[in-house]
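Chains as they are written, first to last, in the working numbering: chain A, 2 to 484; chain B, 280 to 975; chain C, 512 to 633.
Quick caveat, the hints were computed from the structure, so don't treat them as lab data.
Watch out, some of these pointers could steer you wrong.
Beyond 12 Å from chain C on every Cβ pair, some chain A residues (computed) [claimed, not checked]:
hint	residue
1	Ala62
2	Ser153
3	Glu267
4	Arg274
5	Trp371
6	Ile386
7	Val438
8	Val462
9	Asn468
Residues on chain B that point at chain A, a partial pick, calculated with CB under 8 Å [as the list claims (entries may be wrong)]:
hint	residue
10	Phe571
11	Ala922
12	Gly943
Derived DSS-like pairs (lysine-lysine); straight-line CA-CA distance at most 30 Å [claimed, not checked]:
hint	chain 1	residue 1	chain 2	residue 2
13	B	Lys440	A	Lys430
14	B	Lys662	B	Lys762
15	B	Lys899	A	Lys430
Heads up, the beta-carbon is just placed ideally off N, CA and C, and yes, glycines get one too.
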Amino acid sequence: MTWTSLNAGIALPEIFLLCATCALLLIDLFVSDARRGVTHALALVTLAITGVLLWCGYSPAPELAFSAMFVADPIATLAKGGMVLGVALVLIYGRSYAADRGIYKGELYSLTLFSLSGMMVMASAVNLLTLYVGLELLSLSLYALVALQRDSVNATESAMKYFVLGALASGMLLYGMSMIYGATGSLNVYEIGHRLLVGEGNRLLAVFGLVFIVTGIAFKLGAVPFHMWVPDVYHGAPTVITQLIGSAPKLAAFAFIIRLLAQALEGFAPDWRGMLIVLAVLSLAIGNLSAIAQSNIKRMFAYSTISHMGFLLLGILVANPVGYSASFFYAFTYVLTAAAGFGLVMLLARNGFEADQLDDYKGLARKHPWFGFMMLMVMFSMAGIPVFVGFFAKLAVLKAVVNLGMVWLAVFAVMMSLIGAFYYLRVVKLMYFDEPVNDITLSGGLGAKIVLSLNCLALLVMGLFPNYLLSMLNDAVVFSLPL
Amino acid sequence: MDMKTIYLLIPLAPLFGALVAGLFGWAIGRRAAHCVTIGGVAVSFALSAYVLNHMLSGGEAYNGTVYTWLSINGVDFNVGFLVDTLTAMMMCVVTFVSLMVHIYTIGYMHEDPGYQRFFSYISLFTFSMLMLVMANNFVQLFFGWEAVGLVSYLLIGFWFKRPTATFANLKAFLVNRVGDFGFLLGIGLVLAYFGSLDYAEVFAKAPELKDTTITLMTGHTWSLMAVTCILLFVGAMGKSAQFPLHVWLPDSMEGPTPISALIHAATMVTAGIFMVARMSPMFELSETALNFVLVIGAITALFMGFLGIIQNDIKRVVAYSTLSQLGYMTVALGASAYSVAVFHLMTHAFFKALLFLAAGSVIMGMHHDQDIRNMGGLRKYMKITWITSLIGSLALIGTPFLSGFYSKDSIILAVEASTLPGAGFAQFAVLAGVFVTAFYSFRMYFLVFHGKERWMEQGHHHAHDADAHDEDEHHHGLGPNDKPHESPWVVTLPLVLLAIPSLVIGYLAIGPMLAGDFFKNVIFVNHDLHPAMEAVIHHAHDAFHMGLHAFATLPFWLAAAGVAAAFVFYMVKPALPAAIDRVFSKIGVRKLLEQKYYMDHLYINGFAAAGRGLGTVLWKVGDAILIDGLLVNGSAKVVGFVASIVRRLQTGYIYHYAFAMIIGGLVFITVWLGVILGWFGPEAREWIGNLLYSRA
Amino acid sequence: MLQNYFPILMFLVVGVLVGVVPMLLGWGVGKVLGTVNPDPAKLSPYECGFEAFEDARMQFDVRYYLVAILFILFDLEVAFLVPWAVVLDEIGMFGFLSMMIFLAVLVVGFVYEWMKGALEWE
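The following block holds chain A by itself, in its conformation from the complex (with noise of 0.2 Å):
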């Protein structure tokens, strides 16, 4: 084993990354409380230049690293750009809300950059002990930082929840993983999926990992009947937190099951894609229908997310390139449109003052026309309603399922975002047809607000041109998935 043999190179993003927070996490140690900025900057500063490197580092041709423990391909790189986008907006709306909290901390800034790496290993891990490292690294900061709010009874119930189900998962998933250990005798993605496609190694072994492992993804994501953690944690989590439990993870989700099942487990498709049918179908039905019942606007987001990660199941359950492009574009997406959704319930959090309760966006639109209109955008996207990129990304995984002739999915899928579209809709006549009944003031600073706004319009700006990122999130999954 030599240094040119590591190919370490082509992690750069990932080692800046890491030695940048280690940098960050001693220089927060000498800065005082006043002077956090400097850490927020840096910390900015941090994910403007992993973005670049990047950027830089972009290969269409997969490229191995570590004794083919790490890859860089097109879906790894693409999926880390969106969550280094999604955390830095993370950071760019949650200053103020954490200021006014006591969580704008330093370990708020290094605990983000440390899941952000873990989601960026989870994106790049072909080997499955590297995937388990990456997410361990993700929940275990996200366990903490759930936990921040260290006097609020609701974060540390949460947090407590999250740990406890988040272990059992993990569990789960590394029990599944040895299975298919046992099975095939490889950790690798790319051997494991040779070897079981060729018809090698213990069948019924397999398949026991397989369930476990469809277990612990079904968990992380949040389908049904895995759900449960998630409206407690998106309720209890500061908003901040909720954010980016809800937006970049989901990317990191998705390559995790795009390596697991897509390379590693395609040989078994017919038999995931049935579990993926249920957990899909159950996501559907109970997240838009919990959804309806919410009094508060994270739990309503919290099962709009479980209904959303059905859509994201539908498209992977199709098995193809094309399902897979679909549901990179829709968790690409989602993540915008949802990191849009919390900034804007944070833009009207001040305080003392949750804005947590949909009675509290009464007359929003009256009062604030401009931030109306963009919540009115961000709901319609997540409804699906044309022109906004939330329907794109609906259409093109509905038409990879009726391509794949099941209809009667397609149709239930349709059905369930119909009912959907009631608590969007709800929202936005509360904003604009109802009278405030509290007095609504904006928190935030202006730079959050432009970039609030920039990231509304996106949206809009996405959906009328959809084309341009399906089809480099269609090239990336065809790139990427034979080696």
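Since chain A is already given, all that's left is putting chains B and C on it; use the hints.
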């Protein structure tokens, strides 16, 4: 700049102006709003002229996709441009008239509080119209089609506080819906049978499908081409106000005069004509469709002209004249003389825009009184308006050597030569129409510009019968001591600039457009079957000779007779019309014309009332009881009920959550291990497979 | 086949011996050398300052856990360092630098906990 950039810039420049004036008009003020929109249209016009010059000097036609908006099942929805001589000519006409109207509007609307909004709308219209004419596929055509319809709707109802204006724009919208329904069905048929929405592909495939038949009702088969073309033409009937979908156009005069000139005379209403000319490779294949087009056009040309005779509102006279002229164009289309139709479209755009703008100038001079019975002798007070109106009227009636003469005479020649079954009727209609046109045009001209100065008699208040506008928007009519005044230069300049092409464009353009190969490879005519064009070409190659020859032909003398009759009736013996009126009243003709052949009556009390009745029934029974009661509230109740149960699953206890996860995992393991190991029998896997992957 | 499991047997035996021998040794040696002078404090079992048998839900200082976790973190590196040291001459500079990177990461953590005051009891 390569050509593609220019083609992109031409529609986008007005769009930019529209957006700036519309969204930021409140901030930038009136002056900046009209500067930016006029600038946008001027850029657009300059580039269009460049493109036309490029085409004339032998430039290649452009056909390319700019952006693929979405792609469903192999069918692309593109934004693309097809720029050939036809398009280039339309672009020039649209942008030129639009530019004139923009300038004119500065003067006409300068008191109006909705100044910036108006400029934004007309620029948006220019954008939409350009998208329509530049389209290279049916989707973009439809987009432009609907977009101009939308702007037309907005502008007819520009003074949205007037009940008559909102009624008129609703009427325009609904009548156009009928046409668009047919249009959309036609596009649907094209997509279904041609498998593409791209012009080039569709036209290339059209000859193969010439003899295809389709069964719409069992037992009856129709020619695909005939059905498709007629459905497309139904769209054109709506947009170009052909009988019986013409009823919206006279009412659209509720809008401000500049848009009557731009949208409801020169450009938008000609979209249908343009569309049929563009689709000539398809229409050529169906005798049935062409005959249908011919007859509809002939009816419109003649019967709408009659209505112009009895109108007293200056704008309505011009509006009925527009209807009649659109009928002429349609007749030319039906006779397979597409290039003649387009030629008339062009000349008509100039002189009709001129007439409308002149009418607007008169209305301004009369302080927003539109009744020609209150006018008279205005030539002394409004010199430029008078001269330009005279030029416009002479062009309209087809005075030799003026632009209208060349296009209209060509239509008459084409109809004479046509061999379609309806050609006889059409020939009668267009010839009779020449007389009628001359009569109502000069009736209006004499009443407005010559004779007694009747506004003195009317005094301050006046009856404004059908067109009573509410008084707080504009004060109407001249006061006891007022005199009519000439309009400012921003109004008269466009009049002069439009008068020039009204005079000469026909003489200059007839040679290349009709006899030359300007439209070669653009418009397709099957000369063996439809010889109409041959006759036209024979005359058209020498414009001067054609003008001289005209003095010996019937149409000229018919027009002269019309002018003479108008002179006698309204200048020499003003009592005569009233006497004739009494005679016609007795036999009911007067009433028939006044009621516009009872078309509005039929639509409002017949179709609309029946529709409303059906709507009420559906609303009370279908909507209120079945849908609202049972489906909406019922399903909402079910959903709410289910939701209240589902949310109870979320107990908040961590061990319940873990329990759910473990149960879920167990079920998965049991089912899939069971299926694979065959616990449920060997069929289980197949059964599940069928259940999950059932194909529709 | 079975001899593959011999190391595990050895492991078990050694494990039992490590548990049993000191106990026996303490007992035996004490019998021989020591004097028996019991008092209640001496006879009570000792475990990190807690009573061995009492209500499991009693409250105790969370700092115990902090120290324990930090201890484990830094203790575990020994598990890497020993095998690394054994083969150091074979893995060369690459191996050396890899371990240095690993230690550097640990040092970052150490500095962090120190500066945060996690090592101060009060």
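Results for each hint:
no. : hint                  : in the structure
1   : Ala62                 : 27 Å, holds
2   : Ser153                : 18 Å, holds
3   : Glu267                : 34 Å, holds
4   : Arg274                : 40 Å, holds
5   : Trp371                : 42 Å, holds
6   : Ile386                : 48 Å, holds
7   : Val438                : 42 Å, holds
8   : Val462                : 42 Å, holds
9   : Asn468                : 44 Å, holds
10  : Phe571                : 36 Å, violated
11  : Ala922                : 4 Å, holds
12  : Gly943                : 4 Å, holds
13  : B:Lys440 <-> A:Lys430 : 27 Å, holds
14  : B:Lys662 <-> B:Lys762 : 14 Å, holds
15  : B:Lys899 <-> A:Lys430 : 26 Å, holds
The structure fails hint 10 only (numbered hints given earlier).
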